[in-house]
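Enquirer: Sequence:
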Amino acid sequence: MAYVCICHFFFVILQPKQKFNQISHDHMATPQKKKRVLVTFVEAGFGHITTANSIATAIEALQDPNIEVIRKYTFKDDPKLRKIEKSFVRDVKWANTFPWHNYIQMAATHIGGIHNSLPFVVSLLYRRASEIYLKQLEEIRPDIIIDTHYLTSFLATMYRDTIDPHVKVVTYDPDNDVHNWWNIRVDKFIVNCRLAFHDALEHDFTRKQLMIVPFVTRKEIMEVTEDKSFYRAKYDLQQDRFTVMVAAGGYGKSGMNRVVDALMLAKHPITVIAICGTNKRLYKRLERLKKHVAPRIDLRPYEFVDKVYELNRAADVFITKGGPNAMLDSALMGVPIGVFYCASPIEYHSMHLFTSILNCGRFFKRSARILRWVNECVANPSILDIYREAAQEVRDAGNGAVQIAQFIQTYE
5 MAYVCICHFF
15 FVILQPKQKF
25 NQISHDHMAT
35 PQKKKRVLVT
45 FVEAGFGHIT
55 TANSIATAIE
65 ALQDPNIEVI
75 RKYTFKDDPK
85 LRKIEKSFVR
95 DVKWANTFPW
105 HNYIQMAATH
115 IGGIHNSLPF
125 VVSLLYRRAS
135 EIYLKQLEEI
145 RPDIIIDTHY
155 LTSFLATMYR
165 DTIDPHVKVV
175 TYDPDNDVHN
185 WWNIRVDKFI
195 VNCRLAFHDA
205 LEHDFTRKQL
215 MIVPFVTRKE
225 IMEVTEDKSF
235 YRAKYDLQQD
245 RFTVMVAAGG
255 YGKSGMNRVV
265 DALMLAKHPI
275 TVIAICGTNK
285 RLYKRLERLK
295 KHVAPRIDLR
305 PYEFVDKVYE
315 LNRAADVFIT
325 KGGPNAMLDS
335 ALMGVPIGVF
345 YCASPIEYHS
355 MHLFTSILNC
365 GRFFKRSARI
375 LRWVNECVAN
385 PSILDIYREA
395 AQEVRDAGNG
405 AVQIAQFIQT
415 YE
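To convert a position in the sequence shown, counted from 1, into my numbering, add 4.
No wet-lab data here; the hints were simulated from the structure.
One should not assume that every hint holds.
Stated by the list, open to error - Taking lysine-lysine pairs in the BS3-like style, the calculated list, with each CA pair at most 27 Å apart, reads:
#1 K39 with K139
#2 K192 with K223
#3 K294 with K90
#4 K90 with K38
#5 K172 with K80
#6 K238 with K172
#7 K80 with K284
Stated by the list, open to error - Computed spacing ranges between beta-carbons, pair by pair:
#8 K139 with R262: 30 to 38 Å
#9 D244 with E393: 38 to 46 Å
#10 R132 with E380: 52 to 60 Å
#11 I136 with A237: 48 to 56 Å
#12 Q396 with P83: 41 to 49 Å
#13 E380 with I74: 45 to 53 Å
#14 K295 with D81: 42 to 50 Å
#15 I144 with R86: 13 to 21 Å
#16 D82 with E393: 46 to 54 Å
Glycine included, each C-beta is placed from N, C-alpha and C at the ideal position.
Construct the complete structure from the given sequences, taking the supplied hints into account.
Expert: Structure, rendered in structure tokens:
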């Protein structure tokens with residue numbers, strides 16, 4: 005109890021001072037030619053960027069002359085803000101390497117009460133940066149702010165409460181659950197599954213605040229019509245070989261090298277597509293390895309690939325960590341999923357959703373089990389049919405970005 009009181013004391017005295025004048029009601033009452041919709045981007049793993057981009061693209065696709073979409077990497081314009089973003093990237097890489105890292109962080113969000121810990125952290129560590137961020141929003145003067153990250157969402161409500169009370173703050177949660185740092189004071193909180201919806205209610209969001217849509221994905225993915233053979237030809241992959249794609253987010257961590265090494269022992273000739281992302285050390289190692297395992301194993305390392313979903317489409321199975329966007333992309337491409345690592349409670353819940361509930365794949369605790377599964381699939385590919393059927397149901401649900409865009413079009 006004493007610790008909670010101390011946290012509350014610091015939270016109160018360290019709140020950023022309201023140095024900004026609220027935008028006057030008269031100013032806001034002036035008719036504007038276009039509704040300014042700000043979509044914020046921040047790198048904290050690539051899933052936040054992907055979903056923000058998908059939503060912005062869907063709004064632009066409406067071609068509504070009354071809407072102006074503003075895409076903004078809001079943490080890029082100032083050294084203090086860039087420092088925060090770098091800390092996000094560092095935390096993601098740590099979590100992808102050491103499984104206990106994010107679990108400890110998530111447990112710490114309970115300290116001082118689930119709705120007090122983030123304001124306390126912002127006031128204690130990001131006080132000056134938050135003032136810079138609010139100034140940035142004031143220069144843009146949006147009518148609606150759309151966020152896909154908990155910190156940008158929190159700062160957007162600070163902007164609304166201290167500068168412009170007429171702005172609407174809309175947050176899309178790209179995860180499949182709701183953790184303690186999602187801000188319950190937003191105007192609209194959008195989730196992508198029933199599990200997250202009930203999670204949000206338990207975190208004190210109201211039904212009026214909540215909106216549920218299908219999974220948000222890129223327009224390009226939903227427009228893919230070419231089959232496996234087309235993309236194998238495009239990327240010069242062998243048509244008649246069982247093909248496994250392995251990835252572990254944009255940073256190529258999470259023990260991905262261990263999984264690739266296990267697949268080199270496959271009983272049958274296979275193709276292994278390894279997406280190393282920004283992990284140059286892993287890419288160089290696999291480049292050296294591929295000549296030693298050929299021709300039985302056709303190892304194809306790639307660095308960061310913009311249209312990685314095309315390589316996903318070319319595969320028979322996708323082996324990955326529990327990142328919600330990676331699993332979603334694979335399901336939408338009709339490719340069964342094998343999950344080998346969960347970097348956080350968020351990823352564990354996402355893995356549980358896609359494997360145990362949606363039945364799009366399986367979870368493996370050991371690399372040896374992955375190898376055994378691949379060997380079984382090569383010998384009998386029909387065992388993957390049940391996962392492909394489940395993936396088709398996910399695709400048939402449509403793109404949630406389109407529903408969000410339609411909502412924004414009429415939201416005042």
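Enquirer: Each of the hints needs a verdict: does it hold here or not?
Expert: Here is what the structure says about each hint:
1. Straight-line distance between C-alpha atoms of K39 and K139 comes to about 20 Å, which keeps the hinted pair within the 27 Å bound.
2. Restraint check: the Cα-Cα separation between K192 and K223 comes to about 23 Å, which is no more than 27 Å; the hinted pair holds.
3. A hinted pair counts as satisfied when its Cα atoms are at most 27 Å apart, and K294 with K90 does not qualify at roughly 33 Å.
4. Proximity of K90 to K38 is assessed by CA-CA distance (about 34 Å); at most 27 Å being required, the pair is judged violated.
5. Restraint check: the Cα-Cα separation between K172 and K80 comes to about 23 Å, which is no more than 27 Å; the hinted pair holds.
6. Taking the CA atoms of K238 and K172, the gap is about 44 Å. The hint is violated against a cut of 27 Å.
7. Proximity of K80 to K284 is assessed by CA-CA distance (about 24 Å); at most 27 Å being required, the pair is judged to hold.
8. Distance hint for K139 and R262: a CB-CB separation of about 46 Å, inconsistent with the stated range 30 to 38 Å.
9. For D244 and E393, the Cβ-Cβ distance of about 24 Å falls outside the hinted range of 38 to 46 Å, so the restraint is violated.
10. In this structure the hint that R132 and E380 lie 52 to 60 Å apart at CB holds, the actual value being about 56 Å.
11. Checked against the hint of 48 to 56 Å, the pair I136 and A237 passes, with Cβ atoms roughly 50 Å apart.
12. For Q396 and P83, the Cβ-Cβ distance of about 48 Å falls inside the hinted range of 41 to 49 Å, so the restraint holds.
13. At roughly 50 Å, the beta carbons of E380 and I74 sit within the given window of 45 to 53 Å.
14. Taking 42 to 50 Å as the suggested C-beta distance range, the pair K295 and D81 conforms, at roughly 45 Å.
15. For the hinted restraint 13 to 21 Å between I144 and R86, the CB-CB distance of approximately 18 Å keeps it satisfied.
16. Between D82 and E393 the beta carbons are some 49 Å apart, a value that agrees with the proposed interval 46 to 54 Å.
Hint check: violations occur at hints 3, 4, 6, 8 and 9; the rest are consistent with the structure.
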